[in-house]
Amino acid sequence: MTAVEAPPAERVPEPAPPPRPPWYLRGLDTLMARRLQGRTVLAIVAVVILLYLVLAPLFLLGSTSFQTNNDNLPFAKGTKWNFANYRAVFTHGSTYTILGNTLVFALGSLAVAGVIALAFAWLLERSNIPCRSVLFVLVIAPSGMPLLISSIAWSLLLNPTNGVVNQVLDTVLGVKFNAYSLPGMIFVMGIGMVPLTFLLIVGSLRAMNGSLEDAATTSGASGVTTLRKVTLPLLTPALLAAFVYQFVTAVKDFDVPLILGLPGHVNTLSLEIYNNTNPPVGVPSYGRASTYGFFLFLLALVPLVVYNRAIGSRGRYATLSGRARRPVRVNLGRWRWAIFAGCIGYVCIALLLPLFILVWTSLQPFYSGINVAAWNRLNTAGWNNTFNDPNVIHAMKNTLIVGAVTAAVTMVLSAFISWVIVRARSRSVWLLDMLAFIPHAIPSIVLGLSLLLVYLVLPVPIYGTIWIIVIGQATLFTSLGTRLMSAAFAQMQVGLEEAAATSGAPLRRTWFRVIAPLIRAPFANGYLLVFMASMQNLTIPLLLASPTNTVMSAMIYQKWNYGLTTEATVMCVTLTAITITLAVLVRGVGGKADV
Amino acid sequence: MVAAIEVRSLHHRYAGAGDHPAAINDVSFVVEENQFFTLLGPSGCGKTTTLRCIAGLERPTSGEIRLGDVVVVSGRHFVPTHKRDIGMVFQDYAVWPHMTVFENVAFPLRMTSRRRMRASELRGKVMSTLELMGMERFEKRRATQLSGGQQQRLSLARALVREPQVLLLDEPLSSLDARLRSRMRAELRRIQRQLGVTTVFVTHDQVEALSLSNMIAVMNDGDIVQLGRPRDLYFRPQTQFVGNLVGAANLVHGRVISVDEADDEDGTPVVRAATLETTFGTLRVTDPSAEQMRVGAECSVLVRPESVILHSESPERENVFIGRVELALFVGEAVDHEVSIGELMLNARAASVTRFRREEKVFVELPASSCVVFAE
Ligand SMILES: Nc1ncnc2c1ncn2[C@@H]1O[C@H](COP(=O)(O)OP(=O)(O)O)[C@@H](O)[C@H]1O
Ligand SMILES: [Mg+2]
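Line order of the protein sequences matches chains A and B.
Per the working numbering, residue 1100 is the first one in the first sequence, and the count goes up by one each step.
Per the working numbering, residue -17 is the first one in the second sequence, and the count goes up by one each step.
Treat the hints with care, since some could be wrong.
To be verified - Label pairs and their in silico Cβ distance ranges:
(1) B:Thr126 x A:Asp1313: 53 to 59 Å
(2) B:Lys65 x A:Arg1619: 27 to 33 Å
(3) B:Arg161 x A:Pro1336: 39 to 45 Å
I should point out that these hints are in silico values taken from the structure, not numbers from a laboratory.
We treat Cβ as the ideally placed atom computed from N, Cα and C, and that holds for glycine.
Okay, chain B solo, but in the shape it has when bound (with noise of 0.2 Å):
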């Protein structure tokens, strides 16, 4: 089977950019049939110039890509934007204000079909795709009496009433409140699967990736950093960076003083473990990432707030540190503490029951399974 979308050595350079560095510098990946696929990456990363190469709104300084079994760009060749099976969502919706809702989505169709589709059969391809984003009242509407979560679902009926190969939304989330977006965020998971088209979708935040996403490409400065699902990203990130960008995390440096062999906690695999030296005592860390340690290497080790345990009294294991409670957030779901060991300070979150009071001394866990470590 030929994936759906094939992204070669793609390259771009904006040409009134100047000396500025590349847009892009030479992103590969390959989304697979039905794939929900996601850039993530900071503000002016290079995700919306890779997804406008995708659609033809630029023409890339060098690569390939390909759409199914069409070649798009390559060398020379290139096709039009006009001529890519393709839909597309964009971040500020560009729903035309002159047009009714309903010749909004009727217009890609009039731009496809060779022959004039009949009137009836237009007519009810339109309206399905505005019942499926529950839009069918607001047919007769100019699109300018919508609101703004209504015109992004309109914007996202304009995108699919062709049925096209592929969907490319390019932060279709970003300009709805934050109660709208969880919303949307949840409708948009249930179209895509329940319509099977393959997407690829642009976000900086990374609640957004991790919740859609099949696959997760994450970009920095205009390369793909890491590849991979949602819970490889979160739990086995390969770089400080990509750590950082898709969740919160605390940092800790130390020095290795031993390598050697461990079971993982289910028992099966063996795998790398090493004991480092901290400003806060020693610290076991079971990593597969730290086959490459050596002893004596400095490195970080990234935790996840929620990893990190909080005890009033000693459990008696590894990892365990006496800390101060110095901050304690009550969020609702959670409450968020900052706690202090020595001259670390440590975000841990912990269920809304927990109650340690300001100024409390805790035993802090960092569980050895939930350490990764970066060689710096």
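The following block holds chain A by itself, in its conformation from the complex (with noise of 0.2 Å):
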């Protein structure tokens, strides 16, 4: 046999690297070395969608506020290009007011919605308190009301003038509370983002490894100072992600201002940019609208930049096996009830209340509160107009459509995406991954400003359809489908993927037959969210509402803003009532993910 080859002293120490080409040529370089590889192509293709979708609408909002011209329309007829938009939003005294009042109710919400959160997380992953697993349902099951909804139901009880529990607060205690005023925004707010904020937390708690605390214990620390330092400390940077990633939903949250911060004249960011669209008197103006949102995109990107900066990139990806063996619990002793009874007294407020007014409301022909005189007038004529309304069967057409399309739509795009994201191990998927990050950061209010900008330039006969509508949420749900299927393929070994190739598969049969049998289950759970969401998303039908494409919740704004209680309520109830039963869906599909 004559195997033996290159004998040791033949052999030169370090071989000289290649030269490395210039910066531009890199990227070409690798890109015609793999020019056969399908890999590439598919990440170009990817890049490509995604520059249109985020980079577009982005680029159309920054040069629309560098823009002044007597239509108020972006590159109208005689535009000069100028500061005059900044300087108009720099110099007016309202501006910084409305910057607090954003700033304020971002914080005092996730103040509100991270005290509940945390309490909950403890007590359900690391007590002993009764029912768990039913309080768990119940502490999440509010995420099926959407924002919109739960605001007109706490305007339905808190209302100064004829809020239920106000009624009741003023015969009692003689108070009233306000629901049109900052504090009222913050506590609809807060409870509002309890369930998300919950879940971010109990699941790194959950993943978190019991016998990290239980060490502390046997060193001969007490429960108190294994919280402190223990749990605590190891908590600390999922617990900066949740309340980082919340503050910035707070700060971007259009459906609060809308409901509670117009009526109240509680100005804040997303509200004034759309006073700017959709003024009550005069022509919109866009420039200044622009401006707005260009501010509100940068509040939003940089805490989450600054943080995804901190902790670096490897982290955000990491999943844990979940095998984590959980720590002793805490015994309660004889608070366990009464805490208990607490958690049941928060549900009722956070669910039940809500759910009960907006039911109340429905079967009456006019709100006025509750009381005798309202008990006789019960009936469901309401229910009957509603539903034999063709504008509303419309809508209802309309926003099915628009869901199981924008579903769609993300979640493939999603998962090729994210395919790359995680497989390819090119130095320039981080501008994918950027790309796919930034809409996180993009306010849907700004992105539905942006595409309202997109769609008046650009030739493109969709304005006004429902096609628009599902383009911006494709565009803004992208970053909550990415994660998931980042995750997925995170979890999904490659040497799967592998073997088809070393077993002579192409990637496009590698992809049919082995790739996407695999991550079925992720991709029906996260085409299930996405739909969710999509019904949920008030923000982009509205703006980019015509007497066509309008969808419930627009349907919903629309009559709660024209005093039509009735029938808003009656879609409310409805519009919640498949919300929740696809969160139930979700779960059950997301039991069954392995295969």
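Hey, can you piece these two chains together into the complex? The hints should help.
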């Protein structure tokens, strides 16, 4: 046998590395070298689609904010490029009030949601509170109610004129709350953010290996010391992640300011954008709106980017085995049932009270609080009228079509993008990673406005159709989709795909025969989540509304705005029922996640 | 005849590895037809990277790879994995959980054949491969309903079913428990010899490497440090690193005091021999590699524990030293001793019938021909 070759003596210790091409040729070089590889084609297609979906609107938003003209339309005749909009915005005193309101609103709701969610997470994961699985479902159940609808419900409960809770408080204590105020908005937003905050915290608490805490206990640390020295420090990155995420959620929110802030004259950035695009009188001022939009975008983007930098890109997709053992649960002793009763009390406030008032109102010819006269007026005429209205039926059809198509487009796109992000080992993946992440930082009001501008300018005839809503929502939900699918790919052994390649399967067949069947469960789960998010989304359909593309959420707002309380609440109850059903389905599919 | 695999000046640096050194530096080797070729080395030395380059799962930074007479990597030219005539077994099996055993094995055939293979022909091929692995009973099972060892066989069946030119195995036995591992080891050898398929095997386990291979390439830090047959590596390692890697070893330090010629045991070849001064006396070694020894050079001597002979009475030969038994461990097939000679501690493995008690005085023989010398 002559296998021995290249004896050690002949070997060059370190071969000269190939010369590095200049930076502008590096990508090209890689590209040409790999021109036959399917994954490169996929990566390029994904980047191009994302560039179009994400950067085109942002570009138009940015450039509109530097334009002034008589028509107030982007790129209209006689456009001047200047800082006039910025000057107007910065010199106007109300801008600072608006900014202050936005920050107080976001931080306040974050505090409310954070405290409640943390308490629930600790109670359910680390204490012996009774009926844990029931409580778990009850805590996250309110997520089935969109903020638009809970804001309407709380407006019915806490408005200063005839809010039901105010009636009771006035009779008993002689005080009244005003839902149309900053504290009212903080309360509603805070309660609304509890389910997701809770899920984010409880997930990391559960994934944390209990032996770490048990090790502290066996080293002589008391329960409180363990919590302080071990549990919380270990949890800090996860808590920070959850809080940054939810802060941005609150900053971006438009539903609560629209329903509660607008009548109470509490202006936030999102509301100000809306007011400039849909002024009560006069023509829309897109330049001004874009300027505010740009601020809001930065306000959402900066915390997320800073945070991502801080934890590095590694932690983002980290998945834990879920096999971690739980530590010994803290015995609540005689407080056990009292605390449990407190939790149930919370659920009543967060879920049952709003649901009740919506159903009650939907059965009234007009809303007048709760009293004997109203009891005698209970009837289902509102339901009959609403469901006999062809416009409502049309809106329902639109909602389903938009939801189904948006979910399909989003998830297919997300699956390919995530695969490239997780599997491609190219250095240019960061671009894709960033492009898929930006939509999360684009407030939907900003995206809605930007899309409005894009399709005012671009000669694509989708303005006023449901397809513009689909495009907007698909852009918006791509970051959710890629988060889900990236987690799925990170958990899937890359060997399963490589085995297909070594068996002779080209990339296309690997996708059909191996990847697609294996990601079926997370894909279906993501599909339902996006479907749900699409139905709950108000901003995009409202900003891009036309008489023909109305969906349920937009129609609810329109009816509420015209004072058609009964019809609005009928649709609220219907939409809530649908989204809660979807939420249950998501859990069902999630349970069957492993093949 | 062309070699089955030829790897020339392979160099690979991972894209995301920052300023870490290259995963493989300059690896060259040739694997002949039907050979069982093993890449052996500690974890992280670049074995998997080399194998993945051959499979086309990595694109090397530079270098050339030929499979038979097909150049698969060379400069800009790169044949993607699915067009290479290979079969690969992954460390974690990578059997597809959404397919049955039959479907898993049928997959490569469905991918390869240009014309659609007749169902009966496909079935015949799949079943005969499964039979070879003793897996035909599980044909209809889901891959997830198999034990670790069965998944391993399935993975091997899938790699072999399309009769590839080259079989690539990445630590295929390392996820199995000890008993199963030795059984699969024997089976792997039987199947490879039976099919005569050229095989590249990656392992960090010296027993697997020595028992299975025709040829072993020992790797360290991205380089091949020695290439040879199992016996050569074991008895004549060229470096201390290789000596330690392929088996247990005692190391003794010394200084050359004289160099001369001596007859080897069987009398024919004349080799260099040397006398060394050590902390416990003079040691005589006969070693072809001692050729480069010069008087006064510092060096270390490797002796395998099973070459160390323990006597209760002095055999009156060279290289016998008086020592003391510090520890005697009966492990079944042998007795492992720890013996001290002055300051020096040596491991000695003796037949299981040997009985030395702790603290007993023994005569320790280090046969000159079993000593391997390395310059320091
Ligand atoms: N995907 C990767 N990215 C960056 N570095 C890697 C990657 N895979 C392996 N390496 C590095 O390359 C070196 C060789 O790895 P590998 O070939 O897997 O070693 P072995 O299989 O011998 O244990 C190691 O230092 C390892 O850290
Ligand atoms: Mg390896």
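Distance restraint hint 27 to 33 Å, applied to the beta-carbon atoms of B:Lys65 and A:Arg1619 | About 28 Å separates the Cβ atoms of B:Lys65 and A:Arg1619, which means 27 to 33 Å holds.
State, for the Cβ atoms of B:Arg161 and A:Pro1336, whether the hinted interval 39 to 45 Å holds or is violated.
-> 43 Å, holds
Should the hint that B:Thr126 and A:Asp1313 are 53 to 59 Å apart at their CB atoms be regarded as holding?
-> For B:Thr126 and A:Asp1313 the Cβ distance comes to about 32 Å; the hint is violated.
Violation of the numbered hints given earlier is confined to hint 1; every other hint is satisfied by the structure.
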